[in-house]
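Participant: Residue numbers (our numbering), protein chains in the order written: chain A, 1 to 269; chain B, 1 to 197.
Since the hints were derived computationally from the structure, they do not count as laboratory data.
Nothing here was measured: the structure is a model prediction, and the numbers come from that model.
No residue lacks a Cβ here, since even glycine has one placed at the ideal position from N, Cα and C.
Some hints could be false.
To be verified - Taking beta-carbon pairs under 10 Å as the criterion, some of the chain A residues facing chain B (in silico): (1) GLY15; (2) THR116; (3) SER135; (4) GLY136; (5) ALA139; (6) ASP168; (7) GLU169; (8) LEU223.
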Amino acid sequence: MKPLNLLALLLFLGGAAWALTQNERSVREIQATYYRAISPFLTAGSALETHARSFTDEVEHSKILEAEVEAMRKDYGRLQLIESQLRTIEAENSRLRRSLDFKERTKFEVVAARITRRQPSSWWQTVEIDRGGKSGIAAAFTVVTDRGLVGKIDQLGDYRSSVVLLTDEACQVSARIEGSPEEGILSGQRVHEGSPKLRLRFLSRDARISKGMRVFSTGRGGLFPADLLLGEIEQVQPGSLDTEAVVIPSVDFQNLGTVFVLTPEKEQP
Amino acid sequence: MIRYTISILLLVVVAIIAQQFIPSLTGLYGSRFLLLALVFLCASVTVPVPVMLLLAFVCGFLTDAQNTIGPHGGNPEVYTRQVEQLRFGYSILLYGFMGYLMHGIQPLFRQGQWQFSAMLSGVAVFLYLLVEYLLINFIRGGLAMNQTVLLKIACSAAITMVFSPLVFWLLFRLADWSGYTIRMDRLKKAKPRTLVA
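With the hints as extra help, turn the sequences into a complete structure.
Facilitator: What follows is the structure, encoded as C-alpha cells:
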C-alpha cells in the first residue's frame, strides 16, 4: 500500500472512531446543525412539490375539489356547532371534577402539521412534518390523528421535525386492553408484509383477550398520555411464559396527511 | 483535482437533498433509489483512494446525521426492554467498505469498461443494505429475514444500478468542466494524449 493511501486510511479510521464515540447529546447537536443547514433547501423543495401537486390536482379534479370544498364548508359549520356544545360540556365537566376533588388530567394543546416526507430511510418507519421548535414542539412530544396515536417527535428543527411512527420497532407504548386488566408493551415490527401491524407483548400467560378488543395507551412510562386509541387485536398468540397479540393500528399509516402534535397547555395568567 | 473533488462534494450535497424527495416504491416492497450511495459509488471509482475515503466519510456522516433515531426514553421501569439503535457513524465504515469494493475493479474502469463498475454499484448497494439490515438484527437480537426483506434490498440495488450510467455521464462532464483527467489506460494507449473526460 502506498504511504499516502495508508495515511488516508488511518485518518479515515480515526474520523470514523471519533463519530462512533460521540455521545447522545453531541449526536443531537450534529443532527440539529445538519437540519438547520439543509432546512431552506427542504422547505423550498417541499413548497415546489406542493405547488406541483396542487396544480395537477386542480387540473385533474377541479370539479371534485369544488364539491369537496362545499361539503367541507357544511361540515365546518356543523363542527363549529358541535365544538361550542363540547365547550359547554367541558366547562361543566371541569366544574364537576373540581367539586368532586378529582385530579384533573393533564391538558394538551394541539399543533396541526402536514406530512412533508414519508419514510426517508430504508429501515426506519419515520415521517417528516412541517412544524418544529418555533411552533412550540419539542423532542418526544406525542403525535396523533383523530383516529389515534401516530408516534412521537424524534429529530427537531426550527420549522420541521421527524416523527418515529408507532409502526417502527423502536417506538414502544405502554398499552392496556379495553375491558380487561391486561397491560403490555406495544411496538411495531422489524419487517412488514403488506399493511403494518403491531405486536403487544408481555401480557399475562392466561390473558383473557380476544380478537376485536381495542387497545389504548396507559399513560405510564412518561412518554404518551393515557387513553389514546392504538389499535384493535387481530390475533392472540399464547406462549409458555406470556401471551402476545398482533394488533392492527387504528391509524391508516399509508394515507397520513395531517397530524396533530400534543403540546402541554400553557398556564393561564 | 481539487476543483473536481469540490464539485463532487457539491454533487454529494445536492444528492442528499434530492434524496429527501425520492419516495419509496410501495409496489416494489418499499424499495428505494439510493441516489447518495450511487453518486458516491460512481465517484469513488474515478478518484484515488484518499479522495474516495474523504467522500466515504462525508457521505456516511451525512447519512447518519439524516437518519439516526434518538433513544426511546421514558421510564426504564415501564420500558424495560428498549430497542437498541445503530450507533452514529456506522455508515462511514459501510461507505468505506463500498468504496474499496469499487476500487477493486478500478483497473477495468480504466480500460474503458465502465459497465463493470455500473454493475458493481448494484452489487455494492445490495451488500450495503444487507450488512446494514444484518447489523440491525445483530444489535436488536433475532434474525427477522424473509423474502420481502431480500426483495426490498434486491429491488433497491437494481433501481439504483439502472441510473449509474447517468451518474457516470455526469461525472465525466464534471471532470471535463473542472479540467480533471480521469485515467483511462487503454484509451491512453490508443491515442497519443490522455483522454480528458
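Participant: Against each hint, give a clear statement of whether it holds in the structure.
Facilitator: Hint by hint, here is what the structure shows:
no. : hint   : result
1   : GLY15  : holds, 5 Å
2   : THR116 : holds, 9 Å
3   : SER135 : violated, 19 Å
4   : GLY136 : violated, 19 Å
5   : ALA139 : holds, 7 Å
6   : ASP168 : holds, 8 Å
7   : GLU169 : holds, 5 Å
8   : LEU223 : holds, 4 Å
This entry does not satisfy hints 3 and 4, going by the numbered hints stated previously.
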